[in-house]
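Listed in order, the protein sequences are those of chains A, B and C. According to the working numbering, the first sequence is numbered sequentially starting from 1. According to the working numbering, the second sequence is numbered sequentially starting from 1. According to the working numbering, the third sequence is numbered sequentially starting from 1.
Because the hints were derived from the structure by calculation, they are not lab data. The structure presented is a predicted model; accordingly, all values stated were derived computationally and were not measured. Certain hints may be false.
Derived BS3-like pairs: lysine-lysine, alpha-carbon spacing no greater than 27 Å straight-line [claimed, not checked]:
#: 1; chain 1: A; residue 1: K253; chain 2: C; residue 2: K147
#: 2; chain 1: C; residue 1: K71; chain 2: B; residue 2: K320
#: 3; chain 1: A; residue 1: K253; chain 2: A; residue 2: K306
#: 4; chain 1: B; residue 1: K57; chain 2: C; residue 2: K42
#: 5; chain 1: B; residue 1: K292; chain 2: C; residue 2: K2
#: 6; chain 1: B; residue 1: K301; chain 2: C; residue 2: K147
#: 7; chain 1: C; residue 1: K61; chain 2: B; residue 2: K301
#: 8; chain 1: C; residue 1: K147; chain 2: B; residue 2: K72
#: 9; chain 1: C; residue 1: K61; chain 2: B; residue 2: K331
#: 10; chain 1: C; residue 1: K233; chain 2: B; residue 2: K301
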Amino acid sequence: MPEVTMVGAITMALARALQNDPRVIVFGEDVAKNGGVFRATDGLLERFGDTRVMDTPLAETVIAGMSIGLAAQGFRPVAEFQFLGFMYPALDQLINHASRLRNRTRGRLSCPLVFRAPMGAGIHAPEHHSESTETLFAHIPGLRVVIPSSPSRAYGLLLSAIADPDPVIFLEPTRLYRAQKEEVNDNGQGLPLDTCYVLREGRDVTLVTWGPAVKETLAAAQQLAAEGIAAEIIDVATLSPLDLDTILTSVEKTGRLVVIHEAPRHLGPGAEIAASVAERGLLSLQAPIERVTAPDTVVPLPRLEKAYMPSEKQIVEAARRVVTFS
Amino acid sequence: MKGDVPRAQKAPEPDAAPAKTDSVVAEFQIHRRNYLDAKGVLIGKPPAFASDSAIMKSLYRAMTLVRTFDYKAVALQRTGQIGTYPSCLGQEAIGVGYASVMNDKDVMFITYREQAAQIWRGVTLTELLQYWGGDERGCNYSGPREDFPVAVPIASQATHAVGVATAFKLRGEPRVAVCALGDGATSKGDFYESINLAGVWNLPAVFIISNNHWAISLPVEQQTATRTLAQKAVAAGIPGIQVDGNDIIAVREVVGEAFARARSGGGPTVIEAFTYRMGDHTTADDASRYRKAELISAAWKNDPLARLRTYLANQSWWSKEDEEALIAECKDKVEAAVAEYSAIPPPRPESMFDHLFETLPPALAWQRKKLTEG
Amino acid sequence: MKTFNLPDLGEGLSEVEIVNWHVSEGDNVVADQPLVSVETDKAVVEVPSPYSGRIVALHGKAGDIVPIGHKLVEFDDGAAGQQDKGTVVGVMPAAETPAQAPERERVSGARVKAIPAVRALARKLGVDLIAVDPTGPDGQITADDVKRYAQAMSEVGPPKPLHGVRRAMAHKMQQSHAEIVPASIHDQADVEAWIASGDPTVRLIRAVVAGCKASPVLNAWFNAQDMTLRMVKNVDLGIAISTDDGLFVAVMRNVDNRDDTDLRDGLNELKKDVQARSIPLEEMRGATITLSNYGVFGVGRSANLVVVPPQVAIVGAGDIKPRVVARDGQAVVRRTLPLSLTFDHRVATGVEAARFLKAMLVDLERSA
Numbered sequence: 001m002p003e004v005t006m007v008g009a010i011t012m013a014l015a016r017a018l019q020n021d022p023r024v025i026v027f028g029e030d031v032a033k034n035g036g037v038f039r040a041t042d043g044l045l046e047r048f049g050d051t052r053v054m055d056t057p058l059a060e061t062v063i064a065g066m067s068i069g070l071a072a073q074g075f076r077p078v079a080e081f082q083f084l085g086f087m088y089p090a091l092d093q094l095i096n097h098a099s100r101l102r103n104r105t106r107g108r109l110s111c112p113l114v115f116r117a118p119m120g121a122g123i124h125a126p127e128h129h130s131e132s133t134e135t136l137f138a139h140i141p142g143l144r145v146v147i148p149s150s151p152s153r154a155y156g157l158l159l160s161a162i163a164d165p166d167p168v169i170f171l172e173p174t175r176l177y178r179a180q181k182e183e184v185n186d187n188g189q190g191l192p193l194d195t196c197y198v199l200r201e202g203r204d205v206t207l208v209t210w211g212p213a214v215k216e217t218l219a220a221a222q223q224l225a226a227e228g229i230a231a232e233i234i235d236v237a238t239l240s241p242l243d244l245d246t247i248l249t250s251v252e253k254t255g256r257l258v259v260i261h262e263a264p265r266h267l268g269p270g271a272e273i274a275a276s277v278a279e280r281g282l283l284s285l286q287a288p289i290e291r292v293t294a295p296d297t298v299v300p301l302p303r304l305e306k307a308y309m310p311s312e313k314q315i316v317e318a319a320r321r322v323v324t325f326s
Numbered sequence: 001m002k003g004d005v006p007r008a009q010k011a012p013e014p015d016a017a018p019a020k021t022d023s024v025v026a027e028f029q030i031h032r033r034n035y036l037d038a039k040g041v042l043i044g045k046p047p048a049f050a051s052d053s054a055i056m057k058s059l060y061r062a063m064t065l066v067r068t069f070d071y072k073a074v075a076l077q078r079t080g081q082i083g084t085y086p087s088c089l090g091q092e093a094i095g096v097g098y099a100s101v102m103n104d105k106d107v108m109f110i111t112y113r114e115q116a117a118q119i120w121r122g123v124t125l126t127e128l129l130q131y132w133g134g135d136e137r138g139c140n141y142s143g144p145r146e147d148f149p150v151a152v153p154i155a156s157q158a159t160h161a162v163g164v165a166t167a168f169k170l171r172g173e174p175r176v177a178v179c180a181l182g183d184g185a186t187s188k189g190d191f192y193e194s195i196n197l198a199g200v201w202n203l204p205a206v207f208i209i210s211n212n213h214w215a216i217s218l219p220v221e222q223q224t225a226t227r228t229l230a231q232k233a234v235a236a237g238i239p240g241i242q243v244d245g246n247d248i249i250a251v252r253e254v255v256g257e258a259f260a261r262a263r264s265g266g267g268p269t270v271i272e273a274f275t276y277r278m279g280d281h282t283t284a285d286d287a288s289r290y291r292k293a294e295l296i297s298a299a300w301k302n303d304p305l306a307r308l309r310t311y312l313a314n315q316s317w318w319s320k321e322d323e324e325a326l327i328a329e330c331k332d333k334v335e336a337a338v339a340e341y342s343a344i345p346p347p348r349p350e351s352m353f354d355h356l357f358e359t360l361p362p363a364l365a366w367q368r369k370k371l372t373e374g
Numbered sequence: 001m002k003t004f005n006l007p008d009l010g011e012g013l014s015e016v017e018i019v020n021w022h023v024s025e026g027d028n029v030v031a032d033q034p035l036v037s038v039e040t041d042k043a044v045v046e047v048p049s050p051y052s053g054r055i056v057a058l059h060g061k062a063g064d065i066v067p068i069g070h071k072l073v074e075f076d077d078g079a080a081g082q083q084d085k086g087t088v089v090g091v092m093p094a095a096e097t098p099a100q101a102p103e104r105e106r107v108s109g110a111r112v113k114a115i116p117a118v119r120a121l122a123r124k125l126g127v128d129l130i131a132v133d134p135t136g137p138d139g140q141i142t143a144d145d146v147k148r149y150a151q152a153m154s155e156v157g158p159p160k161p162l163h164g165v166r167r168a169m170a171h172k173m174q175q176s177h178a179e180i181v182p183a184s185i186h187d188q189a190d191v192e193a194w195i196a197s198g199d200p201t202v203r204l205i206r207a208v209v210a211g212c213k214a215s216p217v218l219n220a221w222f223n224a225q226d227m228t229l230r231m232v233k234n235v236d237l238g239i240a241i242s243t244d245d246g247l248f249v250a251v252m253r254n255v256d257n258r259d260d261t262d263l264r265d266g267l268n269e270l271k272k273d274v275q276a277r278s279i280p281l282e283e284m285r286g287a288t289i290t291l292s293n294y295g296v297f298g299v300g301r302s303a304n305l306v307v308v309p310p311q312v313a314i315v316g317a318g319d320i321k322p323r324v325v326a327r328d329g330q331a332v333v334r335r336t337l338p339l340s341l342t343f344d345h346r347v348a349t350g351v352e353a354a355r356f357l358k359a360m361l362v363d364l365e366r367s368a
């Protein structure tokens with residue numbers, strides 16, 4: 001089995017989808033000839049030709065809108081947006097059309113599309129390349145938001161996203177693209193959407209996270225284990241629709257919850273998780289729910305990047321606080 | 001373009017005459033077509049179908065039905081039976097014109113003032129009343145199953161049209177994506193991005209601009225500095241042409257040529273059809289706040305129905321009995337649709353969840369259940 | 001109002017048939033807008049509006065024959081514009097009355113700090129969180145605190161409210177404690193000379209009278225609000241009488257002017273009435289000083305008793321029994337009567353109290 005990075009796993013999944021389903025087409029800026037600025041589409045043009053893999057003009061709005069037209073006609077478009085920070089012109093099409101087309105035609109037309117974009121900070125990039133605004137999409141009814149945190153999950157979740165009959169926003173943590181290598185079985189098997197993944201079991205505290213912050217959370221759990229605190233780690237994976245049941249089952253066991261995300265604090269997805277657990281799991285809680293997030297500021301330029309992103313230290317301290325809360 | 005408001009300021013001319021070393025690298029011309037004048041008299045030799053009484057009468061019948069429906073819809077809004085409604089009064093020739101040249105397998109993308117085209121394409125009057133009455137089931141067209149529903153965000157439908165045109169091209173199908181827009185839409189980024197993509201990818205897409213002179217309260221002279229809207233096609237490297245939008249003969253011919261070009265792989269076209277918005281922007285708008293009555297009076301002289309009726313009468317194809325019969329028939333159809341619409345039971349609250357996704361995720365099932373419990 | 005009559009449509013027509021109205025009453029129309037289609041001999045023609053304005057009335061319906069020159073449409077004179085709805089879509093509700101300022105809600109103070117799981121536990125165990133001692137940080141009640149309290153409560157009896165005399169006593173003592181500043185002097189009187197045949201309670205009453213004569217300030221009422229002291233001429237002595245139901249203090253009036261027999265009869269009367277619970281309220285009020293003969297129960301050498309406002313003193317008499325005392329330099333055994341005087345030090349000094357007690361001792365040590 002090949003050992004691949006996350007971006008390599010994404011390429012594998014795209015190739016597998018293009019091969020197995022003639023309806024799949026891949027397009028975006030610099031994805032064909034150049035193989036994508038992060039090489040996520042590397043080699044696909046050569047393998048599948050220019051009627052399956054296409055370079056578009058520099059126009060995010062029409063990239064999004066044409067995906068809707070293609071999807072309504074029975075294609076499975078997988079459009080790449082170069083960075084989450086450049087995806088905002090597509091919001092009009094996503095919110096006003098893609099999320100609603102099935103609903104407003106009562107199922108007559110539908111929108112099986114995938115929009116892929118790198119997200120998050122940590123690669124010392126210039127302004128606007130480090131966004132973590134997944135909450136904007138997760139707030140829209142009718143959209144799915146999926147964020148992988150490992151090569152194998154990137155492979156499986158992307159395949160499922162492409163196969164899904166409804167629109168999926170697939171956000172890929174840029175700083176995890178090459179951070180880890182993992183054996184990934186290129187068997188074309190998708191991983192389930194709409195479900196959380198328990199990455200580590202523990203009795204003392206539940207750590208809920210996704211995407212880029214999974215890395216620091218795993219490291220924090222190691223340190224906590226050395227202190228005798230057994231943390232359970234849940235990778236949300238599909239931010240919306242949210243699998244609250246897995247989180248509630250864990251909180252029932254541990255009584256303590258910390259949510260970690262790189263999105264800014266105010267109205268970040270952690271707020272939804274905290275509110276939902278408070279609604280349905282209140283009597284399991286032995287301590288207040290804590291959120292470890294980026295601050296409510298503009299994403300700083302790279303000199304302050306480290307101070308901005310949630311750190312392993314902050315996660316460990318939060319876990320300690322909730323565990324020792326009497 | 002002429003109008004009752006001053007034109008936008010032009011950029012100052014350079015001081016010196018052009019240097020002798022300049023060469024002309026591009027020029028453009030925009031043509032305008034017109035066969036039937038405002039009085040219903042032919043200018044020049046029209047295309048063959050103008051001599052076909054069956055076709056011409058069917059066009060007039062369709063336009064009359066549209067207008068009858070439109071008057072009724074406005075009245076229904078006033079009595080609270082439907083919601084906000086955008087009247088298409090005065091614009092009937094464009095929609096009937098282009099829709100009547102489309103094939104069944106072509107796909108249409110519209111803004112919210114295209115009732116004429118929708119009705120020709122087979123959207124039922126009841127479905128129209130349902131949509132404007134606030135019920136999504138009105139977009140589940142029984143007739144044109146692939147046509148997109150009304151796009152309210154201006155020009156956003158242009159991007160869908162080029163996506164569908166791409167699908168046709170990839171599959172090698174001789175089908176056309178027909179995108180109807182208003183004059184205001186030509187200022188939007190969606191429009192430019194779409195015609196640009198259509199041009200560079202040579203897509204089978206035809207963009208039909210109903211220039212009815214008004215974008216709510218902004219007259220078209222204040223919308224753009226270009227002399228015509230058709231010339232925006234030049235920026236995309238595609239053909240652009242103007243037509244008198246109240247002259248159904250010219251509209252049909254120009255549109256037919258554009259469709260033929262698209263079907264044969266000749267690529268996209270932008271058509272600017274002149275007309276006038278005789279009604280207010282919507283039933284909630286009061287156009288007298290920004291528009292003088294004299295302008296509308298003048299526009300009535302260009303009424304597309306009157307000129308076509310005159311033409312038919314002049315050909316001896318249309319009698320007063322035909323007129324009476326048609327009026328009665330249109331009234332009956334509209335009344336029947338109103339009755340059918342009124343009898344439809346209201347949508348159930350839980351139906352809000354029924355087409356959110358193909359399968360409702362378990363995470364949302366409890367919310368749907370709450371609505372069933374009332 | 002402007003009236004538009006059916007104009008001459010030419011061709012020598014005298015009348016036409018209305019085919020179809022294009023407008024309705026109430027519509028705003030502009031000049032040249034088609035109002036109605038009418039049928040002439042040859043064709044159906046549209047009749048355009050002569051002016052712009054609002055249509056007030058239409059005359060004739062489809063199918064009617066209208067003669068040329070007949071009234072067709074009436075227009076509103078002058079510009080009657082549409083009412084500006086102030087929107088371009090939808091229907092907006094308009095406020096009719098100005099919004100009221102919101103009412104402020106008063107929230108009362110002290111609340112208990114406990115997390116929801118602990119509150120649920122308290123509910124389950126029937127524990128009132130107000131009563132629980134918090135040991136958590138910042139005054140928070142922990143689950144252990146709740147459990148501890150529940151355990152403790154299970155080992156005591158259920159709470160029973162106090163009633164009647166006992167309840168009254170609790171209130172009175174609480175009130176006294178809140179007001180009075182008590183100080184006490186103790187001593188004992190040698191009663192060997194008369195104890196064999198004398199009446200101790202009557203002798204005590206006579207001794208109290210002697211004390212009041214020596215230190216009248218202890219037979220007075222004190223009003224702490226006004227800081228006023230009212231000296232009383234008579235001695236109305238409160239006698240503490242104990243029953244099964246509780247402590248009663250009945251008042252014997254004018255003890256300074258009554259002889260021994262009268263005192264004894266009066267005492268018996270009071271005791272009887274108290275036992276029978278037939279003592280009127282009047283006879284429990286207005287004591288100027290109180291005597292508590294607690295010694296009759298066979299125990300007690302000194303006591304700090306409770307002064308009941310507005311009184312300023314209470315005399316306590318302990319158990320009469322043989323005690324070793326010093327007489328003429330020898331240790332002898334004599335029957336003695338312990339005395340306690342508790343007084344309100346806001347009103348009386350130690351000297352005044354001592355004088356009172358001394359007078360009592362002298363009186364009690366007389367042989368008769």
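Hints, one by one, checked against the model:
1. For the hint pairing A:K253 with C:K147, the CA-to-CA distance comes to about 21 Å; that is within 27 Å, so the pair holds.
2. Annotation: proposed proximity of C:K71 to B:K320 holds, straight-line Cα distance about 24 Å (limit 27 Å).
3. A distance of roughly 33 Å separates the Cα atoms of A:K253 and A:K306; the hinted pair therefore is violated under the 27 Å criterion.
4. The straight-line distance between the Cα atoms of B:K57 and C:K42 is roughly 18 Å, inside the 27 Å bound, and the hint therefore holds.
5. This hinted pair checks out: B:K292 and C:K2 have alpha carbons roughly 20 Å apart, not beyond 27 Å.
6. Proposed proximity of B:K301 and C:K147 is contradicted: the alpha carbons are some 91 Å apart, above 27 Å.
7. With a C-alpha separation of about 25 Å, the suggested pair C:K61 and B:K301 falls inside the 27 Å cut-off, and the hint holds.
8. Between C:K147 and B:K72 the CA atoms are separated by roughly 75 Å; this puts the pair beyond 27 Å, and the hint is violated.
9. Proximity of C:K61 to B:K331 is assessed by CA-CA distance (about 14 Å); at most 27 Å being required, the pair is judged to hold.
10. Restraint check for C:K233 and B:K301: not satisfied, since their Cα atoms lie roughly 120 Å apart, outside the 27 Å limit.
In this structure, the earlier hints numbered 3, 6, 8 and 10 are contradicted, and the remaining ones agree with it.
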